[in-house]
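Q: For the sequence shown, the working numbering begins at -2 and goes up steadily by one.
Possibly wrong hints are sitting among the right ones.
Straight line, CA to CA, 25 angstroms or less: simulated SDA-like cross-link-like pairs of lysine to any residue [claimed, not checked]:
| hint | residue 1 | residue 2 |
| --- | --- | --- |
| 1 | K1 | W125 |
| 2 | K1 | P116 |
| 3 | K1 | T155 |
| 4 | K163 | P263 |
| 5 | K1 | K163 |
| 6 | K1 | A83 |
| 7 | K201 | T155 |
| 8 | K201 | M103 |
Source of the hints: derived by calculation from the structure; they are not laboratory data.
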Amino acid sequence: MPVKHSDDLRWVEMELVVPGTPDQLWQAVATGPGNAAWFTPTQIDGRVGGTVVFDLGDYGESIAEITVWDPPRRLGYVERDWAGNAPPLTTEISVTGRPDGALLRMRHTLESGSDEWDPHLEGFEAGWPGCFEVLRLYLANFAGLPAVTVGATGAAATAAHAGAWKTLTSLLGLAGADVGDERSLTPGPQTLTGVVERVSQDNKQRYLLLRLTQPGAGAALIGTYDAGERVNANVICYFYGDDAADRAAGVEDSWRDWLSENIGPPPAVPAC
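Produce the complete structure using the sequences and hints provided.
A: Shown next, in the form of structure tokens:
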């Protein structure tokens, strides 16, 4: 969707229907443990004036102030220092019930009359689909289970997106994978086996989602993302269940080393 705008605002909007109840969706998007199940490790002080801290791994932290807190319906927060001299970024999230599940609406807004920041808004919009697929998978199969998330990024020294994707998937034993296939991530730093739930490719990003079955319940999101003069490759693992922390131990460092050796070192600066 194109960036929408008025005289002094610019924004992008997304919505999706997910399995489960509105309360389950609220727990997933408005609590720290919930965000860790599909997005990234997060701390949320649930009140107006409270803080949200997103741990973005190789990209550092992003800190926001909660401006709207209306559980289990609405959450709003503002990130004031998300990118240099950029205007504050406001995020609004709403949750409503539907006969077939729950509806999530998300809007990112910048106070600006200029199109200078439109590429950033477009990047936010393009970056969510993979995580939203993890959210769907979690709510459909593992809702409420404890979760631990680990991930790493490697920056390929090329702007040839298709080539970086082929390299990543070939090295991991995922070349040509189709939805429904059972695959194991080899020769990666640990053996993860699962069923392919989603494969998506366009000019901006390519990703594959595995619903993990071994060594336990979880998900793995493997993707490449256009970052201008380079292509970033990400591997994010979501471990679910009471033993999630044990299975996650040491995995992030292993993936970071593997990506650095096979794709490239982490980006020097956040690609915001």
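Q: Look at each hint and say if it fits the structure.
A: Evaluation of the provided hints:
no., hint, result
1, K1 x W125, "holds, 17 angstroms"
2, K1 x P116, "holds, 12 angstroms"
3, K1 x T155, "violated, 32 angstroms"
4, K163 x P263, "holds, 19 angstroms"
5, K1 x K163, "violated, 34 angstroms"
6, K1 x A83, "holds, 18 angstroms"
7, K201 x T155, "holds, 14 angstroms"
8, K201 x M103, "holds, 20 angstroms"
Checked against the numbered hints above, the structure breaks hints 3 and 5 and satisfies the rest.
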